[in-house]
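There are 4 protein chains.
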Amino acid sequence: MANFKGHALPGSFFLVFGLWWSVKYPLRYLNSKVKGNCRSNKCYDRLELIEGILKALFSLIGILAEQFVPDGPHMHLVNGEDHSWVKLMNWQHTTMYLFYGISGVVDILTYFPLNLPRGLDRLSLGIAVIVEGLLFYYHVHNRPALDQHIHSLLLIAVFGCAISIMIEVFMRNDIVLELFRASLSILQGTWFWQIGFVLYPLGGAPEWNQTDHDNVMFITMCFCWHYAVALLIMAINYSLVYYCVNRHKKLPVIVDNGLIKINSKKAEVEASLLAGSDEE
Amino acid sequence: MANFKGHALPGSFFLVFGLWWSVKYPLRYLNSKVKGNCRSNKCYDRLELIEGILKALFSLIGILAEQFVPDGPHMHLVNGEDHSWVKLMNWQHTTMYLFYGISGVVDILTYFPLNLPRGLDRLSLGIAVIVEGLLFYYHVHNRPALDQHIHSLLLIAVFGCAISIMIEVFMRNDIVLELFRASLSILQGTWFWQIGFVLYPLGGAPEWNQTDHDNVMFITMCFCWHYAVALLIMAINYSLVYYCVNRHKKLPVIVDNGLIKINSKKAEVEASLLAGSDEE
Amino acid sequence: MANFKGHALPGSFFLVFGLWWSVKYPLRYLNSKVKGNCRSNKCYDRLELIEGILKALFSLIGILAEQFVPDGPHMHLVNGEDHSWVKLMNWQHTTMYLFYGISGVVDILTYFPLNLPRGLDRLSLGIAVIVEGLLFYYHVHNRPALDQHIHSLLLIAVFGCAISIMIEVFMRNDIVLELFRASLSILQGTWFWQIGFVLYPLGGAPEWNQTDHDNVMFITMCFCWHYAVALLIMAINYSLVYYCVNRHKKLPVIVDNGLIKINSKKAEVEASLLAGSDEE
Amino acid sequence: MANFKGHALPGSFFLVFGLWWSVKYPLRYLNSKVKGNCRSNKCYDRLELIEGILKALFSLIGILAEQFVPDGPHMHLVNGEDHSWVKLMNWQHTTMYLFYGISGVVDILTYFPLNLPRGLDRLSLGIAVIVEGLLFYYHVHNRPALDQHIHSLLLIAVFGCAISIMIEVFMRNDIVLELFRASLSILQGTWFWQIGFVLYPLGGAPEWNQTDHDNVMFITMCFCWHYAVALLIMAINYSLVYYCVNRHKKLPVIVDNGLIKINSKKAEVEASLLAGSDEE
Numbered sequence: 001m002a003n004f005k006g007h008a009l010p011g012s013f014f015l016v017f018g019l020w021w022s023v024k025y026p027l028r029y030l031n032s033k034v035k036g037n038c039r040s041n042k043c044y045d046r047l048e049l050i051e052g053i054l055k056a057l058f059s060l061i062g063i064l065a066e067q068f069v070p071d072g073p074h075m076h077l078v079n080g081e082d083h084s085w086v087k088l089m090n091w092q093h094t095t096m097y098l099f100y101g102i103s104g105v106v107d108i109l110t111y112f113p114l115n116l117p118r119g120l121d122r123l124s125l126g127i128a129v130i131v132e133g134l135l136f137y138y139h140v141h142n143r144p145a146l147d148q149h150i151h152s153l154l155l156i157a158v159f160g161c162a163i164s165i166m167i168e169v170f171m172r173n174d175i176v177l178e179l180f181r182a183s184l185s186i187l188q189g190t191w192f193w194q195i196g197f198v199l200y201p202l203g204g205a206p207e208w209n210q211t212d213h214d215n216v217m218f219i220t221m222c223f224c225w226h227y228a229v230a231l232l233i234m235a236i237n238y239s240l241v242y243y244c245v246n247r248h249k250k251l252p253v254i255v256d257n258g259l260i261k262i263n264s265k266k267a268e269v270e271a272s273l274l275a276g277s278d279e280e
Numbered sequence: 001m002a003n004f005k006g007h008a009l010p011g012s013f014f015l016v017f018g019l020w021w022s023v024k025y026p027l028r029y030l031n032s033k034v035k036g037n038c039r040s041n042k043c044y045d046r047l048e049l050i051e052g053i054l055k056a057l058f059s060l061i062g063i064l065a066e067q068f069v070p071d072g073p074h075m076h077l078v079n080g081e082d083h084s085w086v087k088l089m090n091w092q093h094t095t096m097y098l099f100y101g102i103s104g105v106v107d108i109l110t111y112f113p114l115n116l117p118r119g120l121d122r123l124s125l126g127i128a129v130i131v132e133g134l135l136f137y138y139h140v141h142n143r144p145a146l147d148q149h150i151h152s153l154l155l156i157a158v159f160g161c162a163i164s165i166m167i168e169v170f171m172r173n174d175i176v177l178e179l180f181r182a183s184l185s186i187l188q189g190t191w192f193w194q195i196g197f198v199l200y201p202l203g204g205a206p207e208w209n210q211t212d213h214d215n216v217m218f219i220t221m222c223f224c225w226h227y228a229v230a231l232l233i234m235a236i237n238y239s240l241v242y243y244c245v246n247r248h249k250k251l252p253v254i255v256d257n258g259l260i261k262i263n264s265k266k267a268e269v270e271a272s273l274l275a276g277s278d279e280e
Numbered sequence: 001m002a003n004f005k006g007h008a009l010p011g012s013f014f015l016v017f018g019l020w021w022s023v024k025y026p027l028r029y030l031n032s033k034v035k036g037n038c039r040s041n042k043c044y045d046r047l048e049l050i051e052g053i054l055k056a057l058f059s060l061i062g063i064l065a066e067q068f069v070p071d072g073p074h075m076h077l078v079n080g081e082d083h084s085w086v087k088l089m090n091w092q093h094t095t096m097y098l099f100y101g102i103s104g105v106v107d108i109l110t111y112f113p114l115n116l117p118r119g120l121d122r123l124s125l126g127i128a129v130i131v132e133g134l135l136f137y138y139h140v141h142n143r144p145a146l147d148q149h150i151h152s153l154l155l156i157a158v159f160g161c162a163i164s165i166m167i168e169v170f171m172r173n174d175i176v177l178e179l180f181r182a183s184l185s186i187l188q189g190t191w192f193w194q195i196g197f198v199l200y201p202l203g204g205a206p207e208w209n210q211t212d213h214d215n216v217m218f219i220t221m222c223f224c225w226h227y228a229v230a231l232l233i234m235a236i237n238y239s240l241v242y243y244c245v246n247r248h249k250k251l252p253v254i255v256d257n258g259l260i261k262i263n264s265k266k267a268e269v270e271a272s273l274l275a276g277s278d279e280e
Numbered sequence: 001m002a003n004f005k006g007h008a009l010p011g012s013f014f015l016v017f018g019l020w021w022s023v024k025y026p027l028r029y030l031n032s033k034v035k036g037n038c039r040s041n042k043c044y045d046r047l048e049l050i051e052g053i054l055k056a057l058f059s060l061i062g063i064l065a066e067q068f069v070p071d072g073p074h075m076h077l078v079n080g081e082d083h084s085w086v087k088l089m090n091w092q093h094t095t096m097y098l099f100y101g102i103s104g105v106v107d108i109l110t111y112f113p114l115n116l117p118r119g120l121d122r123l124s125l126g127i128a129v130i131v132e133g134l135l136f137y138y139h140v141h142n143r144p145a146l147d148q149h150i151h152s153l154l155l156i157a158v159f160g161c162a163i164s165i166m167i168e169v170f171m172r173n174d175i176v177l178e179l180f181r182a183s184l185s186i187l188q189g190t191w192f193w194q195i196g197f198v199l200y201p202l203g204g205a206p207e208w209n210q211t212d213h214d215n216v217m218f219i220t221m222c223f224c225w226h227y228a229v230a231l232l233i234m235a236i237n238y239s240l241v242y243y244c245v246n247r248h249k250k251l252p253v254i255v256d257n258g259l260i261k262i263n264s265k266k267a268e269v270e271a272s273l274l275a276g277s278d279e280e
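As you go down the protein sequences, you meet chains A, B, C and D in turn. Per this note's numbering, residue 1 is the first one in the first sequence, and the count goes up by one each step. Per this note's numbering, residue 1 is the first one in the second sequence, and the count goes up by one each step. Per this note's numbering, residue 1 is the first one in the third sequence, and the count goes up by one each step. Per this note's numbering, residue 1 is the first one in the fourth sequence, and the count goes up by one each step.
Think of the hints as simulated: they come from the structure by calculation, not from any bench. Each hint should be verified, as a subset may be incorrect.
[As the list claims (entries may be wrong)] For lysine-lysine, the following DSSO-like pairs were computed, each having C-alpha atoms within a straight-line distance of at most 27 Å:
| no. | chain 1 | residue 1 | chain 2 | residue 2 |
| --- | --- | --- | --- | --- |
| 1 | D | K42 | D | K24 |
| 2 | B | K24 | B | K42 |
| 3 | D | K42 | B | K42 |
| 4 | D | K42 | C | K33 |
| 5 | B | K5 | B | K87 |
| 6 | D | K5 | D | K87 |
| 7 | B | K33 | A | K42 |
| 8 | C | K5 | C | K33 |
| 9 | C | K42 | A | K33 |
| 10 | C | K5 | C | K87 |
| 11 | A | K42 | A | K24 |
Build out the structure end to end from the sequences listed, making use of the hints.
Shown next as structure tokens:
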């Protein structure tokens, strides 16, 4: 679907996941700073299961949308008459969704007590992102300069995301990496929308001159601004979570003051100890 | 041997090793989860020895096949008459097999108590893969677009494999890396076969149009599908190993129930402890 | 501001930070070798706060300078008449400063007890450097050979710096990485000045022939000399700090000899223990 | 010195260092496996000092040779008459030697008790190798295909070496990395000689056809063979060291059998414990 909707659909998926991660990871991180870990861990495992199910579901929606839109290939790959390929673009997008689907399935399997190696869920997500990048990389040959450039900027977000996820295979639950991934996911999401707006201007808007060098320069800058906005969204979500967690923490103080104070003190001491051991 | 067999031969080697690894590593991983480590470690060392011998043997077969096929160079490098090079393609393949042979020899030496540094076997395998990639990289200049593209996709599998193995030098026995290596090895194997089918169509099949951009696009996608199939094979093998190991585990439960239950409980506790310490 | 001042301004900023780091990090490192850590840590936290404030301030100055110089865009992005972009170069520089500003703000927030994840300050600095590199990379298309070359050398310093900072996210307070970052920062600073001198020769100096291959060769070499000078500056600053710290250490020895001797002995023992544990 | 000697000189330097490392590192590694560490560590520190002095000396010789050969620049950079650059090639080589000289000086300073951060010697060596690679990278523009190709193969050895050394900054005394560095250093050495032979054939030998694609293909393969030979040399040196160290170990067994046996047993147990802890 080389049209506006074909870019808005994956853009929305990435945006939803990015925004969700920008809430989930600060929540887990800040909760673990002020409370114990025991009960909440199970809760986060269940969240990961739901995430996996949603990821698999979104991928299925994407695959069906790409295959069965009116001008889609309807699962035909080769045209019987002249042996030409049928709607390769849609097939490429289907492939992309397929790997995100695999990643979703691995997430789901990780939840069950199958002794799946830790890190396999991150690896499968990383593979899905790399496959996306690979398809996009060979996707834009023989296109106008602006089209190529706007897609190659997307590749920066994609491969940045892939590198970050691959490091997570070995450094699981590192909050900095997780926040970085969330921000790049938001960036991908908004950038897909931007690509849609630039290449397929909505009703009435003027077409972009695809060979004007000034447009190329503006798009580079615009990409950076998207990331600045993504960082702003991350900061806002982090602050909101911070205030929620801290209000939550302070409320019980009214009820039984002493015990909580000790607990929060203990948490602080632990935090400082952890910080101290990091510094060595 | 720039023909179908010249691609099917290395393809089969990679496929055999990939499939074998996709069984061996889950077996070792799942066994270590449910049983103690002591007795089995020796067994795995012996398996690595056999692997090394097979690798060296396969390399020797490859070298001999490349040198002494009827149209091979028969160990002549320079043509005495006009000082031109003799059958450089075969010599390049010979070189590729040579480094896999070196890797096999290092594997064999690692088995014996020679105090060889740990990780040297992985390093030599990594070097062999890099040399393969290097030769392929300079191999495809001045070829049609499709030929170049299909080989450059192979390079992705090759260098992905190389990076993964190089990390294994430092993170030995990491199951995620080993599974990743196995999957990329299967991918290489099936892709070599694919290259053979595309560039040298078997009897009667129509030739591929080497400059059609649609063919290039399809091949990119086809590469991703090969990897999806490789992942599926990995999943099937993992499941089979999982059921074998678990049935094996449950059988003795009938004989002396109590002790095993305690043992399996202990293993679970240990596993959860390990998991817990990872999460910090 | 594609003129001399537009290169001298960021050059000065990088130079100031590089020089400051080349004093701060040896000071902290050498102090921690000869004294205890307790009191000084708070002091270094405060220094980082000041650094953050200065970074944010410098960025603000840069943004205002780029926007409100007489020939600047004055915050206009689109020309109302012919829908063309206004002064994209200045907007690009503004974007660059914006990300350094974000990095400064994160540094400031890290100081306050907001439970911000450790490493986020380094990540945001790394992102700022990458954005700078990204903008420069797409900045120099369609320019003469010398202009392109001199900017692409800058990219080596920029991305070297970015890689180093990204490693610091995970290996905080590693003195080698910090010194490397300081040296690359000085290099960037002096190289910005060099670019200014080469592309916009000051009053009376002859213009450089932008297509002469000898000039390109000289510039490559000149870049290495800049780095040699940066290393020399680092060495001088390190020596100065070393003598200051050691004189400081010896002075109190006169007053109460015994205790200090024990302390310095203890520090030595600790240092050797640390060194020993590194060697494993 | 763009002639045979100009390539043979650095080639010999790299070869000497590579061969020396291929003896030193196995010696230290195997000694530490069979004996205690205490006395020998001081000895190795002194060896590193000698290495540093030799490195600085070799660099000085290289600089003087490049500057003061009859057709050298004799320290003149700009021709006073027509403001052109004087002998830039020699100046580039001088720059290369300069950074190896800096690395040598850092090695020397590391020996003295100046509290120089550990890893700084490796960093400075890594920088020297990167500078070498950088100069070579921009060195070969506008040259015939074979000349470019033969130098770009050198870059693989150079940057492989640089990556390996940069990892050593963080993983000091890792025997696998050190052997890898030694092998790449030998490769660089022999390859410099090969470049000399190919580009400046010695008396009477026929010139190579610089544009023949077969020559390019042969050179790629030849590079791999050089590395195979380098690995063979490493293996021979390792074996020689192994037998020397083990004969040395067995000799005292005749004198006082019991104690040594216990010691060697203890070493074995320790080795197996270390091996076991690696496997987790």
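Subject >> Numbers of the earlier hints that this structure fails to satisfy, in rising order >> reply: When the structure is compared with the hints, numbers 3, 8 turn out to be violated.
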